[in-house]
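> Here is how the chains run, residue by residue.
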Amino acid sequence: MMQTGRRLCDHEPPVQPHARWVRISHWIATVSLMTLAFSGVVILMAHPRLYWGEAGNDLTPALMELPISRNYKHGGWEKPTPFFQSGSGPSSASRTYDIFNQNGWGRSLHFVAAWWLVLPGAVYLLAGIFGGHFRSHIWPKARDLAPQLVWRDVVNHLRLRIPPGSGGPRYGLLQKCAYSLVVFVAAPLIVVTGLTMSPAVTAAFPFLLRLSGGYQSARTIHFFSFVALLAFVLVHVVMVVKSGFRRQIRAMTVGE
Amino acid sequence: MKTTGLITRRRAIITGLASAGGLLLARYPKGLPPTYGNLLRMGDTFTYAAHRALLPGQSLVREYSDADITSFPATGTVNPGVSEKSALGDAYRLLQSGAFSSWRLSVEGRVATPRTFSLAELKQLPSRTQITRHTCEEGWTAIGQWTGVPLSLVLHAAGALPTARFVVFHSYDDWVDSIDMLDALHPQTMLAYGMNGRDLPLPHGAPVRLRVERQLGYKSMKYLHRIVVTDEFDDGGKKGNIQNGWAWYTGI
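So the sequence lines, in the order shown, correspond to chains A and B.
Using this note's numbering, the first residue of the first sequence is number 1, and each one after it goes up by one.
Using this note's numbering, the first residue of the second sequence is number 1, and each one after it goes up by one.
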């Protein structure tokens, strides 16, 4: 194995190539996440308004409106009719226009891709936990998290001083933190909030709605988890390029 | 109703895996929606089989209090008398002019005694009132109070046969959709004639709409006029979800 400019200390594990199951998981996740991102944005375009709590619609105030389709701030509604005598409470209104809506294929594609994230993802998590991959390669060690070490790695990254890739573990400090946040926080969060948007799943497991604070809260968290994962992917690709694109791609495909 | 009409756990797993594996070309299992070889519809069917295999049968959706009721958009068809140029639209206008007193819901197919129900007859059956969340595929939600008769009581009154697997609904806005027996017999699945303490408003499906609380809003069909109990899957043809590119099962 070729060592390019990385010193090995005695007490650290040697640099290893990516295991085959890690490489396979990586590319399944890549295709699945890209498909989920694409179909997810298509779904969001049908109703680009985010809310907090259980309920939210065009007749209630939004947390934020995203300018991503012609449905953005569309006014085409008949005059609202109040449901109750008082006249000031909840009302009904009929929509007068055809919205942008590609959810027929958008939703189904999203769920096909979601199965490819959830099922191989579960296998990956089990293999990572019981095979020791997470403990030895992914989870940052407490003694590495000393402030001066973290600071040095942050400064190196900000100055884009990225050492040439080793083609596998062991990973840098911020690298481990980023992978840990993705594997143990963002990915589980996006899956759980996704499931919370299923009326059949929350009928069976009502605690999911209490966990996020309601359907629309889950939808909003789902969206921001996506934004976080998107930010990770962008930084990840920049790091791959800066640390030697050809070698890193070879390492994650043929595995050397 | 006997359990033979329901999809069993083992059957759901086996047929789900078979359809996902592309084995459906050889012999498509009864009791699952057809996919017509479409990858997206295979995914829908896999999700349906997984839900039926893994989720408990008749758990209830969350119910809310009066204070939780929100404003409620009316989308899709908001008046079949205006939007439907067919005979159905004419028939609906006639019913509407008579305050739906001549409206009849036909219950037919695999039932011991095919019959019709007037609005008054439906209201004579034991009623149920529930405040639930309507979840639209577009992404919005609204909370409303529904009063109606549980579908299971109507099926029982007509004597649905033990071999029955699906209940198919036909509406005045010319749509055909169906649910399986598990959802049809769910305690919160109802034929609703009241909303927020009043008669069901026209834009929300007057005189009677379906409520299928464990699926998305578009399964809760408005403007009902016919219910057909079947042993085999009916995709509704050109008036159904699947041939229009939409998932049949929308518990997700």
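Incorrect hints may appear among the rest.
Here's a subset of chain A near chain B, in silico, CB distances under 7 Å, partners left out [to be verified]:
hint, residue
1, Ala46
2, Ala55
3, Ala204
To list a few chain B residues with every Cβ distance to chain A over 12 Å, as calculated [what the hints assert, rightly or not]:
hint, residue
4, Gly89
5, Lys123
6, Arg214
Derived from the structure by calculation, the hints contain no laboratory data.
Every value quoted in this text rests on a predicted model; they were computed, and no experiment measured them.
For each residue, glycine too, the CB sits at the ideal point set by N, CA and C.
> Quick one: which hint numbers does this structure break? Sort them smallest to largest.
Hint check: 6 fails alone, others pass.
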